[in-house]
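> Residues per chain, in single letters:
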Amino acid sequence: KAGVTQTPRYLIKTRGQQVTLSCSPISGHRSVSWYQQTPGQGLQFLFEYFSETQRNKGNFPGRFSGRQFSNSRSEMNVSTLELGDSALYLCASSRRSGAGANVLTFGAGSRLTVL
Amino acid sequence: AQSVTQLGSHVSVSEGALVLLRCNYSSSVPPYLFWYVQYPNQGLQLLLKYTSAATLVKGINGFEAEFKKSETSFHLTKPSAHMSDAAEYFCAVSEGNQGGKLIFGQGTELSVKP
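From first to last, the protein sequence lines stand for chains G and Z. Following the working numbering, the numbering of the first sequence begins with 46 at its first residue and continues without gaps. Following the working numbering, the numbering of the second sequence begins with 20 at its first residue and continues without gaps.
If you're looking for bench data, these hints aren't it; they were derived computationally from the structure. Where a beta carbon is used, it is the ideal one built from N, C-alpha and C, also for glycine. Misleading hints may appear alongside valid ones.
[Claimed, not checked] Partial list, computed: chain Z residues near chain G (C-beta under 7 Å):
#	residue
1	P59
2	Q61
3	L65
4	L67
5	K77
6	G119
7	F123
8	Q125
Turn these sequences into a full structure, and let the hints steer you where they fit.
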């Protein structure tokens, strides 16, 4: 079956712009989580959505937002881009939320470069 | 608060040698622990997970990890390294009902010399 699909894979933006990234989870998975990966900070949790509701949120400014649609697809948006937002953004899906042993399946990521 | 520490940001072994990647965690409740691997320009792939069913966990590609509560450790091992094992490895912890939220270590880059 198809894995987690993230689009676009690569994009370049300039400071002050905004960006929207998309994630299509594995069929049947209702939970989508987003992570930011940078060389300096490593992998950091952004937020998790389940059944169109944000279930959990990491420690990121309000410029980072997300949403989930009824078909479980998710988008994340970053407004007023800063140089430090350059990162690999990873999406992960799982069948359910609320269980610590839940296995996350990750997509290949969207690499954002902010100039 | 949960945290994960991976000792050694870079580990280099010879092909056929033992691989040992170290992970220590901090958690106020019984944790769920994971090892993920990341190849260049790819996402993370699950190697194995600990969910309290057994302290020795076997994963894919010949990897295994042992949960030691007394040492708060979850080290990853493989008896014989292969060139294809060269990648970055991440240890992660989650608690209770925080299903989608993993706390990751900083990662260990494994190099395998021929």
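> Could you run down the list of hints and mark each one as holding or not?
The hints, checked one at a time:
1. For Z/P59, the suggested interface contact is broken, since its CB lies about 11 Å from the closest CB of chain G, more than 7 Å.
2. At its closest, the beta carbon of Z/Q61 sits 6 Å from a beta carbon of chain G; the interface hint therefore holds under the 7 Å criterion.
3. At its closest, the beta carbon of Z/L65 sits 6 Å from a beta carbon of chain G; the interface hint therefore holds under the 7 Å criterion.
4. About 10 Å separates the beta-carbon of Z/L67 from the nearest beta-carbon of chain G, more than 7 Å, and the hint is not met.
5. At its closest, the beta carbon of Z/K77 sits 15 Å from a beta carbon of chain G; the interface hint therefore is violated under the 7 Å criterion.
6. Against a cut-off of 7 Å between C-beta atoms, the interface hint on Z/G119 holds, since the closest Cβ of chain G lies about 3 Å away.
7. Interface hint at Z/F123: satisfied, since its Cβ lies 4 Å from the closest Cβ of chain G, which is below the 7 Å cut-off.
8. Look at Z/Q125: its Cβ gets to within about 5 Å of chain G, closer than 7 Å, so that hint holds up.
Of the numbered hints listed earlier, those contradicted by the structure are 1, 4 and 5.
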